[in-house]
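Novice: So the sequences go chain by chain: A and B.
Under the numbering used here, read the first sequence as residues 1 to 486, first letter to last.
Under the numbering used here, read the second sequence as residues 1001 to 1495, first letter to last.
Quick caveat, the hints were computed from the structure, so don't treat them as lab data.
Where hints are given, some of them may not hold.
[To be verified] Chain B is faced by these chain A residues, among others (derived, beta-carbon under 7 Å):
#: 1; residue: F273
#: 2; residue: L365
#: 3; residue: P394
#: 4; residue: A406
#: 5; residue: I409
#: 6; residue: K410
#: 7; residue: W415
#: 8; residue: A417
#: 9; residue: V418
#: 10; residue: I419
#: 11; residue: A425
#: 12; residue: I426
#: 13; residue: V436
#: 14; residue: P443
#: 15; residue: G475
Just so you know, even glycine gets a beta-carbon here, dropped at the ideal spot from N, CA and C.
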Amino acid sequence: MNDLVQNALLNVNIAAILPSLILVCFGMGLLLINVFLPRGTTRHAVWISLIGLAVTGFFVYTGWGNPQYGFNDAVAMDNFAAFFSITFLVCAALTILMSDDYLRREGYPVSEYYPLILFATAGAMWMASGTDMMTIFLGLEVMSISLYVLAGFFRGQVKSNEAGLKYFLLGAFSTGFLLYGMALIYGVSGSTRLTEIGVYLKTHASLLDNPMTLAGLVLLSTGFLFKIAAAPFHMWAPDVYEGAPTPITAFMSAGPKAAAFAAFLRVMEYCFFTLKPEWTAMLWVLAVLTMVVGNVIAIRQTNIKRMLAYSSIAHAGYVLVGMVAANEIGYSGILFYMLAYTFMNIGAFAVLVLAGKKGEDNLTLEGLSGFGFKKPFLGVAMTIFLFSLMGLPPTAGFAGKFYIFAGAIKAGYIWLAVIGVLNSAISLYYYLRVMVYMYFRDPEEDYAWVAMPGAVVVTIIIAIAGVFYLGIMPGEVMELAKQAVF
Amino acid sequence: MTAASLPQFPWLTLLVMLPLAGALLCLLHGNRTVESRWLALATSLAVFGVSLYLFFCHGDGGSGWLRYEDVSWIERYGIRYVLAMDGIALLMVLLTAFLQLAAILLAWRVEEKASYFFALLLLLESGLMGIFLAYDLILFYLFWEIALIPMFFLIAVWGGENRRRAALKFFLYTLAGSLCMLVAMITLYQIHGDQSGTYSFVIGDLLQTKLSSTQEVWLFAGFMAAFIVKSPLVPFHTWLTDALTEAPAAGSLDLTGLLIKTGIYGMIRLAFPLFPNASRDFLPILAVLALFGLFHAAWCAYNEDDIKRLLAYSSISHLGLVVLGLAAWQLTAWEGSILLMVTHGLTTGALFVLVALIRERTGTRSLQELGGLWGQAPYLSAMFLLFSLASLGLPGLANFAGEILVLLGVFQVHPVWAVIAFAGVVFAAAYMLRLVQGTIWGPAKVKRTLPDLTAREWLILLPMAILVVWLGLYPAPFIAPLHGTVAPLLLGGMP
């Protein structure tokens, strides 16, 4: 007993959790400050959150190439975690930038919104840096609970309530699966530490086809695949994405999804590398299913947020292709893709934030009629994001898809790559349809278009810059992604 | 493929970037129609100037290239920014710059969202230049898609009644094809990298790849999917007739004169040299598709009432002849094919201009309602007659030189193909004469007074007419750059 405590005490390494610790401190400080300020003042919260994210980002950046392990190997702030953390931070920062004016317009200028985003981001960072089942679970819960609240943030709106409740119920259910899987794996291997599980399974080859191991693997995967919104665990996504406040939809579709991928990737690679043929075969099927389901159903959607939800499912499918490839270029492709996806998807949602009227009833294809020429800047921006989502060069989406499919081809999955590319072809149809409505239909009524607040415009400009930087000069970021994978 | 690495002035980059810069400037001019108009004209003039300079001052880029520019881009994956120009590319660049000038003059009177229109035209020019010059697969693919996007918008925003349908069809057809090409590109890159240890997308490096015959056939099929749809050979041609019919005048001109040529250019530059064995096996099938297209399109043209659609079919028919020339795999036929690509761009391009002018004046494109234009607008009709005759291959005018070279070349290798193709050329005369008869001759069905050609329209048509006559009488200067280029391509392709 004495030994155990001593071990843990000796192993405390604040550096391993410093960035997320700072972020949480900022979040809690913000909560305290809010108590002393009158309701409805939110400007300070935006600034403080942004500063918090920037400081966190600085510490993540300085830790690059200098991995920190701590707490008896429960946390590892390595390049992998750092790369993903940057993705989360970018995602959170862009979300916060576009939120303030949106919340005001919708009549919810509530500053608790911002600490929740910070907590969700910190949870995501723990998921990416967790090397112990418990750390990953802890991160997942912190992230998810913040998101449940955020999804249902507009408590006066039925849709938002529905989104929050649905997400909570299904999310809790999937967490159950995850935890069950963890328990089974713990039962098999006697450890919750990822590397130890991996070593144990390797040295005890007879355990590999033990039903308990396989059940554990499947249940764990189910939990993660739910968070990723991969088919057939995607049912929650469209309703939640449609009902949640638009910036939160943007946030959910990029950051937490990336976090789930990070944890999934690490668990698979650390614990189950001995079962690689089995889980790649499983993911092969799921990747194809996810891509097809996402793309085909997206075609029928008329609500843009819902359409982007299905497109986000499809994109999860592309990223799963990188996991199936399970080689260096595929994995680093995933890291790259999630960053690229953050820019293009958040950009698209930022345009929607400005395109929507109060209550957002007009975020349908019809509602966007003539939008492109009425608001040329937003039209061009949306066009760029849509082209990036389609995966056309010279945008980030193309570079990301290129790496992922190159990984699949290198690993010999040519048919998977072909299916992926064919799916991109399907996706053209519904992305193009948005453009068709934006540019080729005349607006039905001449209603007053919403103003263009500076912060949202800045968000969009940053996202455009990111899309083009990653699209034209993907080399440097890809180099970093290479250093980040195992 | 290392070029003489003397720091040369990057003329080729200028060709690509100048229109791009012009496009951005036009976009920034928002609602100022007049400024953007002149800006576009100035840009395309400058590009034309550069391409003329390149035509008259042949450089030497080393190893058979006229010019070669090579800059490292995404080092890690062997993706480089390589632009290279040989004789074929030179001709295509010249044609692009020339027709683009005509297109911008033709679009002079566009008032609706004009600055966007000109920006898209210039973006298209940039993409086309890139396609003709890129010597790296990823760079090629980049420009291939860049050329697609502006055309989509040109059709969809400024097009005719069924514009949305036509634009979507155009986009989906061509993009589905080019995605197949993308998979083949990455696979080829992977195979080459695994073999040689150096991963590279530069075409010159990939030429050395050793492929098993199954691999070669599949990869070749991937590339050809993109090129056959774009060229378009007959079963995949329906997007073109729709797109050409619905596109605005300047768009039709670019589409028929340049964009569909990129498919054939892709075959010459990529598919044939990269997969010599597979392409040689494929030649008979290609010839059958080409001949079938030649007749099918000619037949459709003969029965068509809408003169714009008629010309669209005639384009497909002519391209059948071009592809037949390639399928013969013979020096004369290839030179003829390439020349025919250029002259077809001029003649059919000019006819599309004239159709737009007729439509502007009479408000109709139907053969049943037209007729007797000669009495109403003699100069316009004379031009129409000249280009129609050139298009059907009258000796002394542009298309004749190309057609006769193709037929001669094909005859030496496959006499039967040539004989069948001859019959097709006769067919061309039939529908072209019907077109001429229905529009400019005969009694005028509606009494109208039509304005004849304006100064701006003379400015578009006269240079084209001069070139058409010149190319018909003395095509040698335009064939000269091909001499050094085509022969090695044929040899490199032949095992």
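Novice: Give a verdict on every hint.
Specialist: Here is what the structure says about each hint:
no.	hint	verdict
1	F273	violated (23 Å)
2	L365	violated (13 Å)
3	P394	holds (6 Å)
4	A406	holds (5 Å)
5	I409	holds (5 Å)
6	K410	holds (5 Å)
7	W415	violated (10 Å)
8	A417	holds (6 Å)
9	V418	holds (6 Å)
10	I419	violated (10 Å)
11	A425	holds (5 Å)
12	I426	violated (9 Å)
13	V436	holds (6 Å)
14	P443	violated (15 Å)
15	G475	holds (4 Å)
When each numbered hint is compared with the structure, violations occur for hints 1, 2, 7, 10, 12, 14.
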